[in-house]
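Chains as they are written, first to last, in the working numbering: chain A, 1 to 409; chain B, 410 to 722; chain C, 723 to 1015.
Please note that the accuracy of each hint is not assured.
[Unchecked claim] Quick list of in silico lysine-lysine cross-link-like pairs, DSBU-like style, CA-CA up to 35 Å:
id, chain 1, residue 1, chain 2, residue 2
1, A, K340, A, K95
2, B, K569, A, K252
3, A, K95, C, K803
[To be verified] Incomplete in silico selection of chain B near chain A, CB under 8 Å:
id, residue
4, S489
5, T585
6, Q684
Worth flagging that the hints you see were computed from the coordinates, not collected in a lab.
Don't be surprised by glycine CBs; every beta carbon is placed ideally from N, CA and C.
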Amino acid sequence: MPTPPTRRQFLARAAILAAAAPTFGAFLAACSKSGPASSGPSLTLAAPDNPIKWPIADDNKPIADGLAPEKGATLKIYNYADYLSPQAVKAFEDKYQTKIEISTFNDGDEAITKLRSGVDFDIYNANYTEISRLVTGGLLRPLNHSYIPDIKNVWPSFTNPWYDQEWRYSVPYTIYTTGIGWRTDQVPADIGALKNPYDSLWDPQYKGKTAIIDDFHTAMAMVLLKQGITDVNTSSEADLKMVGEQLQALVKATSPKVTITMYSDLPAGQMSLAQMWSGDIINAQSYLPEGTGPEILRYWFPSDGKGLVDNDMLVTLRGGKNPVLAHLFINHMLNPEVAKENFSAIGYQPPQNTITPDSLVQEEFIPENLRSAIVKPEYFDTGYRLLELDAANETAWRNVWQAFQAGGS
Amino acid sequence: MAVPVVTAPPRQAPPDRERRNRLWAVLAAPGILWLAAFFLFPLYVVLCIVFGQIDPLFRTPIPVWNPLQWDATQFTYVLSHIVGENGVYGPAILRTFIYVLVASALCLLIAFPVSYYVARLSGKRKGLLLALLIAPFWISYMMRMFAWVNLLQDDGLFNKVLSLGGFFTPDVKWLTGQPVVVILGLVYGYVPYMILPLYAGLDRLSQPMLEASRDLGADRLSSFWRVTLPLCRPTMVAALLLTCLPMLGDYFTNDMLSASPKTTMVGNLINDGVQAPGQTGQAGAFVMLVFLIALLPMLYYLRSVTRGSEVSS
Amino acid sequence: MRGPVAWWNNPWRPPRFLIAITVGYLLWSLLPVLIAVLYSFNAGRSRTTWQGFSTRWYWGDQTLSVWHNDALHTALLQTLKLGLITTLITVPLGTLFAIGIDRWRGRLPNGANFLMLLSFVLPEVLLAVALLFVITTVAVPIDLGTTAQVVGLVTFQVSYPAVLVRARLATIGPQYEEAAMDLGASPLGALRRIIVPMLMPAIFASTVLVFADVIDDFVLVRYLSGDASTEPVSVKIYNTARAAPTPALNALATLLLAAALAAVVIGFLIYRYMTRSDTTTRDRGIGAFAGEV
């Protein structure tokens, strides 16, 4: 049996530990990975009435003109799952004799964590609720427009969007609305004809068959719209409290699934009625089992455009090793043929000039029962956008969401 | 008369044993260093993040290394939101306990008869049965869960069987927020982990002792209750710990089989919070809580085991 | 003619009830997997409706089958890579650790033993989150990716060989070693020439078990993965299962299952060969191989 330490030994050891602790702390502090210094007291947040032109840092200039694409490289794209047409990818691989590797993420937070830890992706599918953090954090590489002539094919407003004036860092990828989708064989009621269609998600007759989108901002904004509050980026404490209560009521009433895979779950029958993105319901057509036709799918979005409307964008990353290929890929996706093929593969509409709502229905690209899922340019004038929130507000929003996700009793 | 007090000479390990002790120390050193660097140190980093700061712009965690500068706001936020009027996490934690207890009990109810049979009564087929029992270990856990997702879908086999070949349509969505499905999923996933140690322990029981009790007149039930079970107790406790504790951190069973806030477990709270800006510290606090909850049974178990071995030696 | 009471009291009757439970359990345990394997041979895209037999998901389909899909290749390769590297590091580390801890007297080894047991039962997500924190906030020369995954896996698995070897050491007892040292061997020599060969079954068993456990691991490798090239099969299944899977995923999992099965069968046969003359394991068969806690 080992002898217990004598008092002298104990005191000696304690003294050593006490002396070592601060030095240990200082040692670790020196070893800490320090991220980029926060510039200024708060992030500059963009809004439609507050357009931002992002600065280009001196050590982060765009690449030079006329460079040749990298040879034998692997272009790394970081994107949502099933959000890029395999055919478009293959076409690019063949054209430039390169390989493309697609990594997927489930939500923006997970993506930014990986980006900040230094994984060297080339292209990232971003949303403008992240762009301030991405630019200020030094994660993005500014674009050299000479590689991207096909920008002329997209809606003119996107060459000078409010979230990235002079499109210094981003190009638009898809446009979409957020509404409600359902299948008529399991939900016979016409949800769109209800006085307040959002209310249907709280209707106990659909208990266990509903879903909402797994994003705190999108889901909570829907609750605000349901109650008639149009400021979907509110910082009002009373409003947030109300949202929390409504979400608790939601769990009690219908116990929804919280996911972003509506495009495959609704056709598979895991849910009958869900908050969905417009692209999801269009995409759902390809996931229907054999014997079920697309005529059972329906989508509702306010006809006056007063609902959630957004767009995704592609950005190039500073840590990427293939900047020229990245530019060329972005240009490739802006090509009208490629964009149209991508549309048919992923269901999300690109803001291309050649794709209008009438042409889509005329060419029978979109069935008549899903006409409401087509995004019209007018929506962007009247619709509400989910903007990037400032730190304090986002904390408050996320706390409400976390309480909801913890499930209530 | 004064009794001379003789103090024992200071203990000195004989030189031979000292050398051997050093040999064992050298052999164990790489393992100890590895565990210290990659197990203890990361746990300390978790503490530094929970009691650390948050970057005001990006809301990423900033660990604070010096314990004297630790800031308990995030930890107290989590603690204060467990019970009381702000008790948002309480239900999830309670639910985890309930799920784990029920699932462990079910595991034991299933695993014990099976391992008892295979260990003691299967005779010639022991090898084959054991191979079949071990098979789930080498089938990917993901694939086993994935197989159940297929079966429980709207048009899956389960509903087909339930509807008795089309007589009626079961109107339940099995994969949306059904606690029963999550619990059964946990049982399905973890029961092999319980069967193996139970099998090993039951294998070692002495048959003569059991036969003796029958010879002395006890009937089947009484013999089982008063002889077999008490002998199996240490094995059952070990098997329970081996299954219960890892279950506390499970999040992907709920993710794959339910994805609804109604069945959220502590593992989901950790997983959701770790990468959300501003909530990493809270996730770390949950990690600490689960660690403490797992630590106590382990300590108790070890004390009872070492005390037992001290008595026997 | 024996009555029902006599039948009930007969101590040698076959335990039909237990047999029923065992068979029922085996069916419940293995049937879903067999069905999943079956659907990997489905001719159509569905994973729930049988549409005919075909091997298109293995090598037939030009873009989506396992043979033609680069992403699935990479996943398979990453799984095997992680399995091999982790096993090669874990087994020696754990074995030496176990031998040292078993003989060394003192507080430090007791503490280390407790730490090792703790790493055995702690939920994996704790270790994964802790290591993620370390890599993202401390400037260690490890990045998210294969290195980080190997480090996490070794830490999580090192208790497996340690526990198995210790159990085996307890069974062997000190007499062989003492006999060797009486005959003049040094402690290290006794270790090398007597004990380690006797430990080979436990070492071998732990190798196979660690390998099988690592290729199945999910939580650690997901948290510590970098880009898609470092995502093994388990993460691919998880990612794709939540989106829109095709039977190619079933095919991938079936292939992995076949690989694991082959590894175990080969391992068991080698084990049988190696211990054909070892009296301490004779009666325990697969039990000794499977490792007893």
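(request) May I ask which of the numbered hints given earlier this structure violates, with the numbers listed in increasing order? (result) The structure breaks only hint 4.
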